[in-house]
Amino acid sequence: MHYKKGEIRGYLNIATVLNVMKKNKESLQMLEKAEKELGDEDDYGLKSYLYFVYGTNYNSLGLHEQAIKYFDDAFVIAHKIKDKKEKEYRLYSIYDWKRNSFEYLGIMDSVYSNERKCMKLPMPMLYITIAERHFKRKNIDSAEFYINKANELLITKQIPMEGKANVIRALGKLSIKKKDYNKALEYLISSVNITSAARLDNGTLESYKLIAEAYNGLKLSKLENEYLKKYSVLNDRLQEEDNAAVNLLINSKDNEQAEQGKEENLIFLYIILGLVLVVVIRYFIFKFSRQWKKSKDSLMIEEVNKSESSLKRSSYTYEELIALAKQSDPSFMLKFRDSFPNLYDALILKYPDLNLNDMKLCAFLKLNFSNKQIADYDHISVRTAESKKYRLRKKLNLSRDIDLYKWINDF
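Numbered per my numbering, the sequence shown spans residues 405 to 815.
Worth double-checking, as some hints may not be accurate.
[What the hints assert, rightly or not] Lysine to aspartate or glutamate pairs mimicking EDC-like chemistry, simulated, CA-CA at most 20 Å apart:
id, residue 1, residue 2
1, 793, 780
2, 408, 441
3, 613, 630
4, 634, 590
5, 486, 444
6, 739, 723
7, 582, 628
8, 776, 733
9, 634, 605
10, 488, 477
11, 587, 548
12, 540, 507
13, 792, 780
14, 427, 566
15, 473, 513
16, 409, 441
17, 613, 628
18, 799, 749
19, 798, 814
20, 581, 628
21, 764, 782
22, 582, 545
23, 473, 500
24, 730, 742
Everything labelled a hint here was simulated from the structure, so no lab data went into it.
This structure is a prediction, so every number in the text was calculated from the model and none was measured.
Could you put together the complete structure from these sequences and hints?
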């Protein structure tokens, strides 16, 4: 038993490292192994860890609503962990990642609530995230205050390499804001050395962009273009890997539905066999006429065909899709894809940069949802919904005078 639990924890640890390295497809495959091995085991620590790592993967792929659902599941189970230290660590990790997903979704009340809980055991990224908000508001002094607090943690705590790289990169960004470009380059190149060696591609990507900005400040256009090119190449590769991971999730859902269909067919077969047995018994007991039996068999065959036809339905009504959207059901996109396969595949083929959130917005537009409906069903503000439509329009290279709804319907 202890060996099996150690093996499961090993799978989860590897999945965590792969997620940090932006290898989400491989990370999700490792999680499937862990989940299969875990089965119905009542180990709350491992179960909470499993759901947590699923959440971090969805977060990394930009699927923040699904990520929060996994974090919530992990949170409920974490409260059942008996080891106090393990429980506190897991709860802190959940607060920290939920904070990130809520910030992406623009739900700031929840961001601040989770930040307050994280302050009990602060890590560098908490302070760096707060500093980023101050950068956006052009409060450089406040941003510097929080970056220095993050830097202090490198001295007082044992911080992983990723955390050190994040702090050094934040110091580089601060130097750019202060127009000390040479100092910024020292920090940023140091950060790249760490992230490249550890294969932390997301960190390397951010640093490339900042290095290009620093060279721009020094008027060194050749070096600026060199790092912009590095940024573009790495960004394209990471986008391809994200798309592969999202496709894995979609295929996984399809496989689950296929397995469910097999189970339903098996049950259906048992029902048919039972009916046949009843007919045979009744035939021998009551000696029904041959004509009646033929009629009965024909009726049964007709019912079987009707049931099989019903089981094979793959499209969904407009009302069913709206109901799934209102409930924020994770299967909404899968069922939309089943209902509008030509539209879905054509969009992915022509616009490969579209992520799952973009495709979800396209689905809402296809269903003719208003800005208010999009906001309600996506749990965002109306203003955020308008911003998402604006960003989608840019990705599709559509001018302002083109009606998005008409364009989607005509596509």
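Results of checking the hints against the structure:
For the given pair, residue 793 sits about 15 Å from residue 780 by alpha-carbon distance, which is consistent with the 20 Å threshold. About 8 Å separates the Cα atoms of residue 408 and residue 441, which keeps this hinted pair within 20 Å; it holds. A distance of roughly 11 Å separates the Cα atoms of residue 613 and residue 630; the hinted pair therefore holds under the 20 Å criterion. Restraint check for residue 634 and residue 590: satisfied, since their Cα atoms lie roughly 18 Å apart, inside the 20 Å limit.
Between residue 486 and residue 444 the alpha-carbon distance is near 18 Å, which keeps this suggested pair within the 20 Å criterion. A C-alpha spacing of about 12 Å is found between residue 739 and residue 723, which places the hinted pair at or below 20 Å, so the restraint holds. About 19 Å separates the Cα atoms of residue 582 and residue 628, which keeps this hinted pair within 20 Å; it holds. In summary, the hint linking residue 776 to residue 733 is supported, as the alpha carbons are separated by about 18 Å, within the 20 Å threshold.
Distance restraint check for residue 634 and residue 605: the Cα-Cα separation of roughly 12 Å lies within the 20 Å cut-off, and the hinted pair is therefore satisfied. Distance hint between residue 488 and residue 477 is fulfilled; the C-alpha atoms sit about 19 Å from each other, no more than 20 Å. In summary, the hint linking residue 587 to residue 548 is supported, as the alpha carbons are separated by about 15 Å, within the 20 Å threshold. Taking the CA atoms of residue 540 and residue 507, the gap is about 14 Å. The hint holds against a cut of 20 Å.
Proposed proximity of residue 792 and residue 780 is supported: the alpha carbons are some 14 Å apart, at most 20 Å. For the given pair, residue 427 sits about 15 Å from residue 566 by alpha-carbon distance, which is consistent with the 20 Å threshold. A hinted pair counts as satisfied when its Cα atoms are at most 20 Å apart, and residue 473 with residue 513 qualifies at roughly 17 Å. At most 20 Å may separate the alpha-carbon atoms for a hinted pair to count; residue 409 and residue 441 meet this at roughly 9 Å.
Taking the CA atoms of residue 613 and residue 628, the gap is near 9 Å; set against the 20 Å cutoff, the hint holds. A hinted pair counts as satisfied when its Cα atoms are at most 20 Å apart, and residue 799 with residue 749 qualifies at roughly 16 Å. Between the alpha carbons of residue 798 and residue 814 the distance comes to roughly 18 Å, so the proposed pair stays at or under 20 Å and holds. The hinted pair formed by residue 581 and residue 628 meets the criterion: a straight-line CA distance of about 17 Å does not exceed 20 Å.
Between residue 764 and residue 782 the alpha-carbon distance is near 9 Å, which keeps this suggested pair within the 20 Å criterion. Simply put, residue 582 and residue 545 have alpha-carbon atoms about 10 Å apart, close enough for the 20 Å limit, and the pair holds. The straight-line distance between the Cα atoms of residue 473 and residue 500 is roughly 14 Å, inside the 20 Å bound, and the hint therefore holds. At most 20 Å may separate the alpha-carbon atoms for a hinted pair to count; residue 730 and residue 742 meet this at roughly 18 Å.
Of the numbered hints listed earlier, not one is contradicted by the structure.
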